[in-house]
Amino acid sequence: MIVRIMGEGQVEVADSHFPELNKLDDELLAEMEGGDEDGFRRTLGALLDAVRRLGTPLPDDALEPSELILPAADAGLDEVREMLSDDGLIPG
Amino acid sequence: MSGVMKRMGMIFRAKANKALDRAEDPRETLDYSYQKQLELLQKVRRGVADVATSRKRLELQLNQLQGQSAKLEDQGRKALALGREDLAREALSRRASLQQQVSDLEVQHQTLQGEEEKLTLAAQRLQAKVDAFRTKKETIKATYTAAQAQTRIAESFSGISEEMSDVGLAIQRAEDKTAQLQARAGAIDELLASGALDDQSGLGSKDDIQAELDRLSGGTDVELELQRMKAELAGGPAAQQQAIEGGAQGNGQQPQAPHRFDKQ
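So the sequence lines, in the order shown, correspond to chains A and B. Anchor point for the first sequence: position 81 equals 81 in our numbering, and the numbering is continuous, going up by one each time. Anchor point for the second sequence: position 217 equals 217 in our numbering, and the numbering is continuous, going up by one each time.
Rather than coming from a laboratory, the hints here were simulated on the basis of the structure. Fair warning: this is a prediction, and the values are worked out from it, not measured in the lab. Mixed in with the good hints, there may be bad ones.
Unchecked claim - Stretches of chain A that chain B covers, calculated by requiring three or more beta carbons in the stretch to come under 8 Å of a beta carbon on chain B:
#1 23 to 29
#2 67 to 73
#3 76 to 85
Said to hold, decoys possible - Not close to chain A: a few residues of chain B, all C-beta gaps over 10 Å, as computed:
#4 L60
#5 Q64
#6 Q99
#7 K230
#8 A231
C-beta atoms are modelled at their ideal positions from N, C-alpha and C, and glycine is treated no differently.
This is chain A alone, in the form it adopts within the complex (with noise of 0.2 Å):
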């Protein structure tokens, strides 16, 4: 599956690799919803290296939809909670 890092670009994950990314993603979103500021830094973090890891980045010239979307690594957790509020990522 192609997952995109925001600002980094894309990367493909083998589909076995989605339960172990999928339990750092559950855990982010508890700790967005529960205002966990460090716990959130500390699991972006992670799940944005397990993706590094298990990946093998697209070249830049690719054209490919991503199935799935990662904040940046600077992402704040105020900032990902409007991204997923609001208007979304692309105004209008």
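Put chain B on the given structure of chain A with help from the hints.
For chain B alone, kept in the frame of chain A given last:
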């Protein structure tokens, strides 16, 4: 439970869908496609009218020739009564050559009549297809409008597009496109099979009789089409229905994709 990755991906797709939907309203596309089908149907009907005109012209010619033939026969009889056998012979030989023309034209007339019936049948069948498309189109449009309204309600409650509504819109759009393409392909097949498309290109430069002769020499395609239509009739209306409704089934795959990133 859906994680951050999936939700962000969903929002991206939802927004992309919206951008697409703004650019191209499927309902307008459907209406446009329907218009195109009507134009194609018009062309076939014009083809039928052209054949009918040629047939009538042949009938007039036949009448004329038969009148001349009768006149020559009369003249021959009179010449014979006056003891001018040479004149009678001349009249009868002219009549014989006229009779040859008459029988040639009669054969042409018969073939033309058959051709006209086939074209009329093709036009009727196309008409039925266009009617079916119109019904389907109105259904799809109504469904689309309802889906849109649902999305708006969901948006006003939650502030973001509900995932399912947007997936529904994507399916709808794909379904519209498929139905449209299939209908277009069906109509074009129909026209090619009936020979009406060839007619259009031929009529400008050739005279009617030549166009008819061309059409006659292409008669095998029409025969094949007729065979196909007969087989279809024997197979019941199911086969015809499928051409239009294939769109709904063909897109059964579409909703699968989003589920792939569902989590347990």
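Broken hints, by number: Result: no hint breaks.
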